[in-house]
Amino acid sequence: MMIRLALWIIGALLLGGIVHLSTVLAMPTAATQDAYSRLSQLTPVNAVVPLTAPSAKDSTMPFMDPAFAVAVCRYDLSTGALKLRAPLSQAYTSVTFYTRNSVAYYAINDRAAGRRAIELDLMTPEQHAQVPEEEDVTAADRLIIESPTVRGLIVLRALAPEPGLMAMARRTLAGAQCRIEPVPTQ
Amino acid sequence: LFVGSCFTLILAAAIGLGATWLTLTRGVAFGALTIGAWTAWPKSGSVDIDPYARATIARTGELPVGTGDGVAFYAHTDDAGNALDGRCAFVVNGMTPAARYWTLTLYDAQGRLVANTIDRHGFTSAEILREAGGRFAINIGPRARPGNWLPSGGIEQFVLVWRLYDTPIGVASLTTKEGPMPAVARKSCS
Chain R
41 MMIRLALWII
51 GALLLGGIVH
61 LSTVLAMPTA
71 ATQDAYSRLS
81 QLTPVNAVVP
91 LTAPSAKDST
101 MPFMDPAFAV
111 AVCRYDLSTG
121 ALKLRAPLSQ
131 AYTSVTFYTR
141 NSVAYYAIND
151 RAAGRRAIEL
161 DLMTPEQHAQ
171 VPEEEDVTAA
181 DRLIIESPTV
191 RGLIVLRALA
201 PEPGLMAMAR
211 RTLAGAQCRI
221 EPVPTQ
Chain Z
43 LFVGSCFTLI
53 LAAAIGLGAT
63 WLTLTRGVAF
73 GALTIGAWTA
83 WPKSGSVDID
93 PYARATIART
103 GELPVGTGDG
113 VAFYAHTDDA
123 GNALDGRCAF
133 VVNGMTPAAR
143 YWTLTLYDAQ
153 GRLVANTIDR
163 HGFTSAEILR
173 EAGGRFAINI
183 GPRARPGNWL
193 PSGGIEQFVL
203 VWRLYDTPIG
213 VASLTTKEGP
223 MPAVARKSCS
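Quick mapping for you: the protein sequence lines, in order, are chains R and Z.
The first sequence lines up with residues 41 to 226 when you count with this note's numbering.
The second sequence lines up with residues 43 to 232 when you count with this note's numbering.
Hints in this document: simulated from the structure, not taken from any laboratory.
All values derive from a computational prediction rather than experimental measurement.
Heads up, a few of these hints could be off.
A few chain Z residues that face chain R, going by a derived Cβ cut-off under 8 Å, partial list only [stated by the list, open to error]: (1) T109; (2) R154; (3) V156; (4) A186.
Ideal Cβ placement from N, Cα and C applies to all residues, glycine included.
Working from the sequences, and respecting the hints, build out all of it.
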C-alpha cells in the first residue's frame, strides 16, 4: 500500500514538472498584457509614435525609465522591409529591437552608429536573402538587421540628462521615422 | 486505481501551476549578477534570455534594457538585507562602474513611479550633486533632506533600479571587483 502511494506521488511529481515547464514555455504566447499587446492599443503599425512619459498615475509599461523620452515603431514586415531613421539627441540615444514576445534581439546606441543619425534596414531573413548581392556589398555603410519575427517593436530612447532637457529629447525623437519599402521584384 | 489517478492528476496540476506561479511572481531567472544589494540579469537583454525571464517579462509587460544599450541592476533590500521600506530613511553612496550615463529610479513593487510633492522619481549621472572625488550620497526617505533627496512617498516596499547606459565593461564578465556598485544602508525608521 505504501509503495503504491509512493509511486502515485512520484508520478504526480513528474507530471507536475511537465505542467510547470509547459506553462512557463507557453506564457510568452499566452500573455495578453505583454508589451506588444499593450502597445497594439496605442500605436498604429509601421509608424513612429511617441509614448507619454511615465508618471505615478499612469505608465504604458512597468519599470520605464522616466529620464528618457521614448518613441515606438510597432512593425509588421509581411508587406516588405522596413527603413528606420532616427536622428540623435545631444546626450544619449539608443534604438532597441524586440521580437513579438519582447526578446531584445538587437540594440544600437548613438556612439556605435557613429553618425548624425541611426539609419538601418530591418527585414526578415527571407527578405534579406532576396537583396541582390552586389547591392549588399557595395552599400557597405548600409546596416541591415534581420528580425527573427515578422512583427515586433522598435523602441527609440533619448536621454534627458536633466528634466529641463526632456522637451529637446522629445523633439529629437519626433524627427524619427520608420516606413515599409516594398521589396523590388525582378 | 481511479482514485489514485485522480489524486495524481490533481496533485500534478497543483505542483506544476504552483511552481510556475512562484517562479514568475518572484522573477526567477538564470545568470544573475549580484553586487552588494544589486542584481542584474545581463542575458535578459539579448536573445540568450532564459525561458523563465521570458515568461516573467511577458506577464509583467515590461521591455528589458537591450545588451547593446545598457544594463539594469535591481535592489529590493539594502546591503544588510533589510527590505526597502518607504517609511524608513536610506542612504545610497559610493561609486558606480564606468558608464557614459546612469540613472537611478525608485518604483513601487509593481514597477510604477511613486507620487511625491517635488515630482522626483530618480536621478541621472548628469544632475547628481557630487563630493570631491566623484563620490555621491543619495538620501531616500519620506521626508525632505538637503542634497540629493529621492522621496519614497512612505510606501511599504520600494524597488531601486540602477541603469548603466553605454558601459565599456563587458557586462558578461563583470565581477564585484571591477564593478563597484553603490552601498545601500538603512539609517532610521519612523
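In ascending order, which of the hints set out earlier in this document are inconsistent with the structure?
4
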